[in-house]
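Taken in sequence, the protein lines are chains A and B.
The first sequence lines up with residues 0 to 123 when you count with numbering that gives the first Met the number 0.
The second sequence lines up with residues 0 to 704 when you count with numbering that gives the first Met the number 0.
The set of hints was computed from the structure by calculation and includes no laboratory data.
Each hint should be verified, as a subset may be incorrect.
Here are the computed lysine-lysine pairs in the DSSO-like style, where the Cα-Cα straight-line distance is at most 27 Å [unchecked claim]:
(1) A/K93 x B/K130
(2) A/K76 x B/K132
(3) B/K130 x A/K76
(4) B/K454 x B/K366
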Amino acid sequence: MTDLDKSLLEALAERSQEQPVTAFNGVVRFDVKDGDRVDQWYLTITKGIVTVGREGGEPDCVVTGDSATFDAVLSGKANAMAALLRGALAAQGKFILMTALQRLFPGSPGADGLPTAGYAERQS
Amino acid sequence: MSAEVKILDGNTFVVSDDSGDIEASLTDPTGLFSFDTRFLSRWVLTIDGQRLNPLSVDDLQYFETRFFLVPGTGTVYIDAKLSVIRQRAVGGGFHEELTILNHDDKPVDLEVRIEAACDFADLFEVKDDLKKKGEYYTRVDDGRLVLGYRRETYVRETWVSATEACAVDEGGLTFVVHVEPHEQWSTDLHVAIGRDVKGATGGTLKYERHAKKARPNMELSLEKWLDDAPSLDCDWDPLKRTYQRSLVDLAALRFSPLSLPGHYLPAAGLPWFMTMFGRDSIFTSLQALPFASELARTTLVALGVWQGSRHDDFRDEDPGRILHEMRFGEMTAFEERPHSPYYGSVDATPLYVVLLDEYERWTGDTKLVRALERQARAALAWIDDYADLQGNGYVAYQRRNEKTGLENQCWKDSWDSISYRDGRLPGFPRATCELQGYAYDAKVRGARLARLVWKDPAYAERLEKEAADLKRRFNRDFWVADGEYYAIALESDGSKVDALASNNGHLLWSGIVDKSKAKAVARHLMSPAMYSGWGVRTLAEGQGRYNPIGYHVGTIWPYDNSFIAWGLRRYGFKEEAARIAAGILDAAEFFEGRLPEAFGGYERELTKYPVQYPTSCSPQAWSTGAPLLFLRTMLGLEPIGDHLVVDPALPQGIGRLELLDIPGRWGRRDAFGRGRMDVGSRPRRSAQLGVIKPEKKRLNGKAAQ
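For reference, chain A alone in the conformation it holds in the complex (with noise of 0.2 Å):
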């Protein structure tokens, strides 16, 4: 495992830009695991705006998963809500933010730009 590419959550920042998370404020801290290490990432949101950092206040909602999983997800290669379901990510809190967040996780790519399958098919 490697630890968790910060430019996927840069980018996630600037998605937030062009497409606010509606008027939403709060914090989510990623405690992303690797190994015994616990790398924590919070992600500040103010009035629906991005910023990323080592640093934050008290997160609403704290969301943990491994790198893998949580670069996965950010990087659109597996979708967030099912990888909560599977018990990949686990979300405790506010859940509500964290399905504020996930809209600005990207879609799969596929051959064309588009996404075309899930996670089942991109396993085999």
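Starting from the structure of chain A, add chain B where the hints point.
Just chain B, lined up with the frame of chain A:
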């Protein structure tokens, strides 16, 4: 397996036989279900190795049932010296109070056993008979039986325990029981969802039994729900029963989305569709607006947070699109099904804007309209940017997920619902007519909100211009001149798919119908080919695919009729609207006030009673909402500015009708009406609306539950 008994709380429900036992196979839809997953597939009670026979079942509430049982097998019932009561309530799993009564003069020693097992099937697997990919485990843990299933990180557990001493093994619980003469023995059984979509929930049930009786949270919330709703009184008793039934059923259909704990929206149907659906939740919220606007509010917020934001062919998702259906089971979790959520609905998006506007008209809640401005604008943009699949400016659908996506993305979603007069089926993409009506209405209403709340007159003007243009083109391109009605759909090459269908009524509701054409449309809807005496058929008699018991090609849908009546009223056809209301409300009486999803399109004269279409879900949300919308339509309730206008047009048989404490931006208001409309039906049963002399019995206040 004998009769199915269903009880529920949100999306947690139990389906068992009438002795309270569960013996499910993979394809058999019985068990304890929660979040689209089966958490118990075997639950069998024996006494000294013998199964029990049901004497009776009491449905106490929708979340609570009591089973009266006696030992012994076979049909002859021999020994009544023992009786057994299982009282079961659902809430975060279920709670069962098991009581054994000894009626004999001698003491008895018994071995009481509960067998428990679970296959953790996904609802989709139950429907499609699919095999599991993970591993099962069972363990006895601190006096409690743990049933589990694991596939990678996906873990689901059920915890079974009892309050009385028992031996726990991996197959169940065994009690050694001694009961003195004329005494009783009792234990509480807890079946808790140990681990689910929210992780380790600890298996707490939503009630505690310290005192004599378990009291689920749902019971308290039902009382408040009924208190908050307007109260109805009228001379025609069946309407009181139907109204009460609708309110209780609507309470049962409430579903709290994960993202909005403590808030409720209407799920689509019980028990298999206890989840958020774009179309069903919106239509039901519209029907219930004058009675419980909180449903609309939660629907708007929840659908808004989940609004599509990217291109995803697997989920048929586009930016701005409103979801079709959300599911929580294993197949969705592993992306073997696209319901996380799935977006393959083409009407939910324009209807979202329609609901937002109608909600504001009733409640005056401009704060929410402001909060959802971005969602509303994105929904309106979706209509133009992503729904024009034929390239002609009309809303159309064609799925991109060809494996597990939906082929028909309008409300008539069966394979043969959209056809030509001669029965031919059109190709894809399909632009069905009602979609154009919804899009028109969304633009008109969006313009109102833009002016009033978003303070963007330029945007409002643009939307109005687009709406006017759509209306003009629609009345030219969809009008079947030789029949004087609107074609059910348009093909890509511009061909009119010329079947005569109930969709015409939705067009009246949307306002897209030219005034000059409304009379002809209304005449068709009330013609013998369409109106059976009970209601308007989905497809007119005489069309190629007409079948009085065809799902969308001849049956009568109460929900469909409630919007048709609203449409007729909108264009001034008061008497016609009253007739439709009268027919469906008469039909409701045959189902004890609980309207089915659909019933047969047979002529009323022919069958004398409405023939129910066999469906697995009852109650269905938008059938439950239909009587509420009929009440609105018959009373002519319309919010104008800060006032509620009442303009009743009631069937004669209803006599006097009063609806008290209607909530809205005006606070609470009462509406009164008197039946003056001759709806033309002759008396058949004493209590039907056609009766000249209605029952004069009066009850005070709310009808008894």
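Enumerated hints in conflict with the structure, sorted upward: 1
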